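Enquirer: Given only the sequences and the hints, what does the whole structure look like? Please build it.
Protein chains in written order, with numbering that gives the first Met the number 0: chain A, 0 to 444; chain B, 0 to 439.
By construction, these hints were calculated from the structure, which means they are not laboratory data.
Being a predicted model, the structure only gives us computed values, none of them experimental.
Note that the Cβ used here is the ideal one computed from N, Cα and C, for glycine as well.
Hints are not guaranteed to be accurate.
PhoX-like, lysine-lysine: derived pairs with alpha carbons at most 25 Å apart [what the hints assert, rightly or not]:
{"id": "1", "chain 1": "A", "residue 1": "K119", "chain 2": "B", "residue 2": "K344"}
{"id": "2", "chain 1": "A", "residue 1": "K431", "chain 2": "A", "residue 2": "K75"}
{"id": "3", "chain 1": "A", "residue 1": "K402", "chain 2": "A", "residue 2": "K106"}
{"id": "4", "chain 1": "A", "residue 1": "K402", "chain 2": "A", "residue 2": "K387"}
{"id": "5", "chain 1": "A", "residue 1": "K387", "chain 2": "A", "residue 2": "K431"}
{"id": "6", "chain 1": "A", "residue 1": "K247", "chain 2": "B", "residue 2": "K278"}
Cβ pair distances, simulated, as ranges [claimed, not checked]:
{"id": "7", "chain 1": "B", "residue 1": "D13", "chain 2": "A", "residue 2": "A291", "range": "34 to 44 Å"}
{"id": "8", "chain 1": "B", "residue 1": "A323", "chain 2": "A", "residue 2": "A313", "range": "26 to 36 Å"}
{"id": "9", "chain 1": "B", "residue 1": "D13", "chain 2": "A", "residue 2": "T122", "range": "51 to 61 Å"}
{"id": "10", "chain 1": "A", "residue 1": "A125", "chain 2": "B", "residue 2": "T305", "range": "25 to 35 Å"}
{"id": "11", "chain 1": "B", "residue 1": "R3", "chain 2": "A", "residue 2": "R418", "range": "27 to 37 Å"}
{"id": "12", "chain 1": "B", "residue 1": "R421", "chain 2": "A", "residue 2": "E292", "range": "45 to 55 Å"}
{"id": "13", "chain 1": "A", "residue 1": "A306", "chain 2": "B", "residue 2": "E320", "range": "40 to 50 Å"}
{"id": "14", "chain 1": "A", "residue 1": "T122", "chain 2": "B", "residue 2": "S339", "range": "22 to 32 Å"}
{"id": "15", "chain 1": "A", "residue 1": "E304", "chain 2": "B", "residue 2": "A367", "range": "30 to 40 Å"}
{"id": "16", "chain 1": "B", "residue 1": "R421", "chain 2": "A", "residue 2": "G26", "range": "30 to 40 Å"}
{"id": "17", "chain 1": "B", "residue 1": "P138", "chain 2": "A", "residue 2": "A306", "range": "49 to 59 Å"}
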Amino acid sequence: MGESYFDWAARLFDPSLLHGKPEALQGIRVLDLSVIIFGPATADFLGELGAQVIKVEMPGGGDVTRILGHAGCFWKNVSVAFFPQNHSKYHIGVDMHHADGQALIRKLAARSDIVIENFKPGTTEAKWGLGYRQLREVNPRLIYVANTGFGQWGPLAEGRASYDGLAQAVSGLTAISGFEGALPTKVGNYLGDWFGACLAAMGTLAALRWRDRTGEGQFVEMAQCEGLVRALDWTWLYAGLTGRDRPKTGNRDPVFVPSGIFRCRDGYVAVVAGTDGEFQGLTTALGQPALAEDPRFRMAAARRERAHADALDALIGAWCRGRSREEVQVAARTHGFAAAPVMSGRDQYEDAHLRARRSVWESDDALYGRIVDYGPAPKLSATPARHKWVGRPVGWHNAHVLKGILGLTGAEIADLERRGVVGRWGDQRGAKPPDDWQGTGAPEL
Amino acid sequence: MNPRWAEWIRHAEDPARVSEMPEALDDLLVLDCSVGHYGGHVLSGFLGELGAEVIKLEPPGGDPARRWGPPDATVHGEGLAFLAEGRNRHYATLDLTQPEGQGLLRQLAARADVLVEGFPPGQQDAWGIGFRHLQPLNPRLIYVALSTHGQFGPRAARGGPEYDLIDQALSGLAFLTGEPTDATDATDDGHDRPEAVPTRVGSWISAYAQAAWAGVATLGALHWREQSGQGQMIDVSGAEALMRYLEYTLLLYHAAGEVRQRLGVMDGAVSVYTFVPVKDGWAFIAGYTDANFGAICRIMGRPELTRDSRFRTTLDRTQPENRAALRDEVAKWSVNYTASEILAKVLADPGPGVVVFGPVNGPSQTLAEGHWWERGCFGRVSDPVYGLLTLAMPAWRMTRTPPRLKTPGRPAGYHNADVYARYFGFGPDRLADLRSRGII
Numbered sequence: 000m001g002e003s004y005f006d007w008a009a010r011l012f013d014p015s016l017l018h019g020k021p022e023a024l025q026g027i028r029v030l031d032l033s034v035i036i037f038g039p040a041t042a043d044f045l046g047e048l049g050a051q052v053i054k055v056e057m058p059g060g061g062d063v064t065r066i067l068g069h070a071g072c073f074w075k076n077v078s079v080a081f082f083p084q085n086h087s088k089y090h091i092g093v094d095m096h097h098a099d100g101q102a103l104i105r106k107l108a109a110r111s112d113i114v115i116e117n118f119k120p121g122t123t124e125a126k127w128g129l130g131y132r133q134l135r136e137v138n139p140r141l142i143y144v145a146n147t148g149f150g151q152w153g154p155l156a157e158g159r160a161s162y163d164g165l166a167q168a169v170s171g172l173t174a175i176s177g178f179e180g181a182l183p184t185k186v187g188n189y190l191g192d193w194f195g196a197c198l199a200a201m202g203t204l205a206a207l208r209w210r211d212r213t214g215e216g217q218f219v220e221m222a223q224c225e226g227l228v229r230a231l232d233w234t235w236l237y238a239g240l241t242g243r244d245r246p247k248t249g250n251r252d253p254v255f256v257p258s259g260i261f262r263c264r265d266g267y268v269a270v271v272a273g274t275d276g277e278f279q280g281l282t283t284a285l286g287q288p289a290l291a292e293d294p295r296f297r298m299a300a301a302r303r304e305r306a307h308a309d310a311l312d313a314l315i316g317a318w319c320r321g322r323s324r325e326e327v328q329v330a331a332r333t334h335g336f337a338a339a340p341v342m343s344g345r346d347q348y349e350d351a352h353l354r355a356r357r358s359v360w361e362s363d364d365a366l367y368g369r370i371v372d373y374g375p376a377p378k379l380s381a382t383p384a385r386h387k388w389v390g391r392p393v394g395w396h397n398a399h400v401l402k403g404i405l406g407l408t409g410a411e412i413a414d415l416e417r418r419g420v421v422g423r424w425g426d427q428r429g430a431k432p433p434d435d436w437q438g439t440g441a442p443e444l
Numbered sequence: 000m001n002p003r004w005a006e007w008i009r010h011a012e013d014p015a016r017v018s019e020m021p022e023a024l025d026d027l028l029v030l031d032c033s034v035g036h037y038g039g040h041v042l043s044g045f046l047g048e049l050g051a052e053v054i055k056l057e058p059p060g061g062d063p064a065r066r067w068g069p070p071d072a073t074v075h076g077e078g079l080a081f082l083a084e085g086r087n088r089h090y091a092t093l094d095l096t097q098p099e100g101q102g103l104l105r106q107l108a109a110r111a112d113v114l115v116e117g118f119p120p121g122q123q124d125a126w127g128i129g130f131r132h133l134q135p136l137n138p139r140l141i142y143v144a145l146s147t148h149g150q151f152g153p154r155a156a157r158g159g160p161e162y163d164l165i166d167q168a169l170s171g172l173a174f175l176t177g178e179p180t181d182a183t184d185a186t187d188d189g190h191d192r193p194e195a196v197p198t199r200v201g202s203w204i205s206a207y208a209q210a211a212w213a214g215v216a217t218l219g220a221l222h223w224r225e226q227s228g229q230g231q232m233i234d235v236s237g238a239e240a241l242m243r244y245l246e247y248t249l250l251l252y253h254a255a256g257e258v259r260q261r262l263g264v265m266d267g268a269v270s271v272y273t274f275v276p277v278k279d280g281w282a283f284i285a286g287y288t289d290a291n292f293g294a295i296c297r298i299m300g301r302p303e304l305t306r307d308s309r310f311r312t313t314l315d316r317t318q319p320e321n322r323a324a325l326r327d328e329v330a331k332w333s334v335n336y337t338a339s340e341i342l343a344k345v346l347a348d349p350g351p352g353v354v355v356f357g358p359v360n361g362p363s364q365t366l367a368e369g370h371w372w373e374r375g376c377f378g379r380v381s382d383p384v385y386g387l388l389t390l391a392m393p394a395w396r397m398t399r400t401p402p403r404l405k406t407p408g409r410p411a412g413y414h415n416a417d418v419y420a421r422y423f424g425f426g427p428d429r430l431a432d433l434r435s436r437g438i439i
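Expert: Here it is, written out as structure tokens:
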């Protein structure tokens, strides 16, 4: 093959061509009844792959994440926390507490492939008649996805509310993270929500595969806690075999030593030299090649001994302190060990590699203008994932969905609006358009 | 009569009945070519849990990942990290560096649905068995390539060893996690408080994020293949997989020029939402709406706190000075009770409002909680090769095609005879010949 691998791969995945390529889930419709992060992110990930996602919110204020977020950071009338899990969705304002609202949802569910909710177990069935057992009556092929903290049943699921932080705590994740003797380590994002949403999307698509094969729908659930339990690698094996809890090891990888996060002149780097060859390279970079023969460090088993690992960390720390992050990385590449910057949001914003891959996704949105957010993570050569627009005000797509999909007349919609069953944004932050909105652009039919 | 939802769904998801139910992916053949790559190892297990037939192809000397694990516990000489995720596949050996091995892979790939690899980008291509070589043989093939930086872009050709710690650093999650430095820290490198640094998640979370994203993309690609007959290549960076979970971190910089920082046990969006000391360790407690915060104050016997000007509204409570003071108020109360005592108070509270509360469990405490065993979240497997193993079971609950764990793992080449007989018709003589030349 004449062309270099990387030239070929760049052509195969060329992001500038992505909007001309088909979408993996085109034709699949997702009805997103969920709120905050866990459910909406699941729907969002399916939307990135091309599913049409209809997001149902309460008329007026809508999803509470529109106003909750980074201590009052609003941008163009919306909390910045609302956008990352709500791309390319069709926003409708429907009151699900109202019988006529429930009827609308039932009609939409009959025309959808997937329904997603994250309410307390049994809520959609008991309060709204929109549970799996009811909706599958109008759509036997339906895939119904329910995300919760503790799951749909079991002792902890009965009457125990949960947030991501609780999932981190009870799953064991908190106990195995961070530094001995310090405050518990609270992971800096809502990891239980986001990782759980990713697993939920995978489970949903497994159900879709089964439906492709057989025509059968089913109920799929993800429990936040169970997602995190699943992601703790050898923790459970170790406890079962030794009767011990695996220890916290700070920033030292428990398997590959030396490793850690070290201060440089201009920020932090992660460094790992996990094999004998990498360690030799590291000692050369440190200007102390004799360390590779030092009995404390020559063998991997010796390097892993606490006192020896600490000594190596001190050497690496001293070496990093006088250098820039870039110098450390160049040395790592030259001498064959691993190093990378601890990236901040700003580092990512300015990173040419991430932008070239559209993992940092800059777009010109019709309503919000120039916006930069995280782009879809997986890159698919034939059916690239993509963002088409960002979040919209409450009820922005009412006409598009109620007329265009359900075929309601203007009079019927007006009547529903009059009775508060259907509605759009209230005059409140989070829900309403930006101040510079000219009153145009909402898709009318 | 309709049984309550909880009873119905418990029966529909009964872990004891899982083996009677069909499997969503059991018509798929997956080739796990990952070597020394945890994300590929985990992804292959996910697909196997959902029913795919997975064949791992590792070097005749065994995957170096078999040595990965804590230093003080192994099973049959195998590292616990490898064994934790080695489930549900057949184990064959195949030397992909030799032309004959590459030829055998080509034949397998011609009939496979999915191929998973985690070599340095370009490596498998250099062996003549990359996507552009295999796609003409099998246009329906879905080829999944996993790496730190991805297959294209300015850093793609960088090469070099890859690790979860590196991916966590690049993802931006480490920057957001851990104790912030403060005015009392004498030096920047936190000698007094070694924890006042960006902090890694304790497990290899980037590998799980990578596997989850690759699973989503693979299944999406399989759906597309049903419509189009078309396979494709999938590129997942472990760093980007975790980065996608970082919420508004980028947008905050775009909108406000603000770099999101690590906040220790505080939360940037809501308060009360934090860890507090209890008599027997630590606990998580949250109540951030007015009603739920009111419930916390009521349970603490401090109703007047809801009228404190620092804590009156949701927004007030999230201001940095106020949330720190508020946490102090809760902590000075919580430290007097065990986690169980506080949980009892929380569950007994009549409302209005709901408090979210629970202990920071060590793994042994989580394992002691009956709920997870009832749910089928953990399993104690008696394996003929590896003995008694405590394992995390598949995470999804599905009423029609629930995932399941079949085998926890096997030594390298354990299934050579079976795999090479089934797919190539090779008998013992042929295998001996291949073995003698190091092909298997």
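Enquirer: Indicate, hint by hint, whether the structure satisfies it.
Expert: We went through each hint and held it up to the structure:
no., hint, in the structure
1, A/K119 - B/K344, "21 Å, holds"
2, A/K431 - A/K75, "9 Å, holds"
3, A/K402 - A/K106, "13 Å, holds"
4, A/K402 - A/K387, "22 Å, holds"
5, A/K387 - A/K431, "20 Å, holds"
6, A/K247 - B/K278, "21 Å, holds"
7, B/D13 - A/A291: 34 to 44 Å, "57 Å, violated"
8, B/A323 - A/A313: 26 to 36 Å, "32 Å, holds"
9, B/D13 - A/T122: 51 to 61 Å, "22 Å, violated"
10, A/A125 - B/T305: 25 to 35 Å, "31 Å, holds"
11, B/R3 - A/R418: 27 to 37 Å, "32 Å, holds"
12, B/R421 - A/E292: 45 to 55 Å, "49 Å, holds"
13, A/A306 - B/E320: 40 to 50 Å, "41 Å, holds"
14, A/T122 - B/S339: 22 to 32 Å, "28 Å, holds"
15, A/E304 - B/A367: 30 to 40 Å, "31 Å, holds"
16, B/R421 - A/G26: 30 to 40 Å, "36 Å, holds"
17, B/P138 - A/A306: 49 to 59 Å, "57 Å, holds"
Checked against the numbered hints given earlier, this structure breaks hints 7, 9; the rest are met.
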